[in-house]
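K.L.:
Protein chains in written order, with the numbering used here: chain F, 1 to 272; chain X, 1 to 310.
Since the hints were made in silico from the structure, they are not lab data. Virtual Cβ for every residue (Gly too), placed ideally from N, Cα, C. Treat the hints with care, since some could be wrong.
[To be verified] The following residues of chain X were derived to be distant from chain F, with all beta-carbon distances above 10 Å:
hint, residue
1, Ala30
2, Thr59
3, Tyr70
4, Leu95
5, Pro113
6, Ala206
7, Phe217
8, Leu298
[To be verified] Just some of the chain X residues that point at chain F, by a computed CB distance under 10 Å:
hint, residue
9, Val54
10, Phe57
11, Phe107
12, Pro143
13, Leu248
14, Val249
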Amino acid sequence: MKRPPGRGGRLSTLVGIVLLAVMLFPVYWMVNASLQPAGNTLRGEWFPFHPDLGGYAAALRDQGPNLLTSLVVALGSALLSLTLAAPAAHALARFRLRGTRVLLLGVLATQAVPGIVVANALFGAYNDLGLLNSRLGLVLADSTAGVPFSIVVLHAFMRGIPEEIIEAARVDGAGRLRVFRSVVLPLSRNALITAGVFAFLFAWSDFLFALTLTTTDTVRPVTLGVYQYLGAHTDHWNAVMATGVLASLPAAVLLVLAQRHVTGTATGAAVK
Amino acid sequence: MRSRSPRATDPSPLRRGEGWTRWLFLAPAAAYLLLFFGCPMVDNAVMGFQQYTVTTFYTGDAPFVGLRNYAALVSSADFPRTVLTTALFTAGSVLGQFVLGLALALFFRRRFPLGGVLRALLLVPWLLPLVATGTIWKWMLDPDTGVVNAVLRGLHLTSSGVPWLTGTSPALLSVVLVNVWVGVPFNTAILYGALRDIPPYLYEAAALDGAGPAAAFRHITWPLLRPAVRVVLVLGVVYTVKVLDVILVVTGGGPAGATETLATRAYELSFRQFDFGRGAAAGNLLIVLSLLFAVLHLRADRRTRTEVIP
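Whenever a hint applies, use it, and build me the whole structure from the sequences.
P.N.:
Below you can see the structure in the form of structure tokens.
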């Protein structure tokens with residue numbers, strides 16, 4: 001099926017670029033708007049001919065602490081998700097436990113639980129436990145996205161690790177914990193990175209729990225910051241959009257950095 | 001069931017005696033899932049029968065009121081509209097995402113220079129925080145200053161501009177549009193993967209038999225794509241029915257409740273009016289709706305399967 005790309009190929013590239021330009025126009029528009037000078041951008045330019053960093057200065061001034069909060073919460077959630085999911089995925093993939101299928105089905109079923117239902121119940125519980133307006137509370141709640149996702153991804157990968165490798169380590173006298181730590185985890189590096197990156201992104205993008213489980217300004221992730229900015233500063237679109245760009249950066253950076261590992265996992269899953 | 005077979009007890013002598021340690025691997029995650037999915041669902045089921053007020057969280061006083069929350073919810077004047085909006089929002093979003101996703105997947109199946117790069121970049125809308133996405137679109141769709149109306153005016157398609165966020169029907173269309181934009185990359189990715197799995201020789205054979213592109217799509221692509229189609233549609237419905245961020249940011253449920261869904265209603269009842277009982281009731285209806293869809297889908301699924309493989 002390998003044909004050298006001819007004229008048809010180039011035409012397809014052109015069409016593809018046009019399609020992508022249409023799809024990504026909103027992203028461009030955000031970046032463009034973030035570089036416009038302050039004030040009502042009623043006459044916003046199509047291209048930032050005179051880039052103005054005022055929007056970013058305002059965004060960093062107002063949202064800097066919120067960005068930091070988001071970073072801490074997202075890192076915590078990624079860590080918690082992997083810590084909980086990796087041993088569980090290993091157990092589900094390796095030990096022929098009774099009820100494995102039911103458990104996996106339960107993990108999948110969590111995807112159908114609306115976040116607002118979880119938030120509704122957590123508010124009361126958090127209120128009693130003093131977890132409202134706390135980073136720990138957000139880390140725990142945000143991991144409702146990361147934990148099930150990580151279990152599914154890691155389970156799919158770990159199932160593909162050849163039984164012989166595990167068996168060889170066991171014959172050498174390694175206990176279950178040792179096998180997991182010294183054999184399974186290192187082999188699953190790419191899958192762990194993939195799961196961790198997504199758990200981070202899920203928590204970083206969380207809006208619902210930030211909105212419902214905080215009642216004061218003390219702990220405020222940037223997603224909530226943008227939302228409240230939006231209510232207060234509709235005449236400072238450049239600052240709002242600059243915050244949007246800053247809030248979108250981790251997704252872009254992490255994906256570029258992690259792409260090698262993510263594709264590695266995908267290929268691994270496909271080969272298996 | 002495989003777990004009931006004799007092998008389930010781990011015949012290897014090496015493993016005997018440390019059987020219980022296996023459960024230690026599973027216990028933390030299982031405890032977490034129970035605490036953060038199981039308990040909330042049970043809590044909500046109970047809360048749906050309780051009356052919460054602004055002072056409940058200070059006094060702890062939430063009397064049981066039977067089905068009163070559900071009755072109040074269902075009999076409220078805007079309930080039918082909320083359900084209809086939820087259905088329209090979900091159906092519109094899922095179908096839009098699917099059709100555009102399939103079109104893009106079919107397009108990217110051709111081999112052409114830069115195809116891989118363009119396909120990877122297509123994922124960007126899916127990765128942006130939904131709040132950022134909502135903010136961009138809210139600004140683009142602004143009836144007076146937004147770029148969408150500016151373009152429409154420039155093309156002389158409208159003289160006064162479309163009231164994207166201020167008209168009741170356009171507002172619903174707007175949130176669907178934004179949600180479609182968010183979901184297209186996911187649909188494209190899954191359908192593209194499924195298209196790649198269709199063996200090329202089938203198309204070669206069809207071409208030898210004189211089948212055109214339309215016939216090839218109908219008799220080869222579509223039947224073989226069915227399982228993936230089912231996955232994206234079911235996941236699409238399950239994920240869309242609970243969407244909250246997009247609506248809250250872009251329209252806030254307005255204007256005049258035109259974009260109010262069961263999810264946004266649950267949020268407003270609980271966290272704006274502090275009527276957590278009625279909020280829980282709305283949330284529970286949302287879960288029932290999801291379950292109902294899943295059951296109907298599974299039954300339809302079984303029927304088609306028995307039709308195909310008698």
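K.L.:
For a quick check of understanding: which of the numbered hints are violated here, in increasing order?
P.N.:
Hint check: 1, 5, 9 and 12 fail, others pass.
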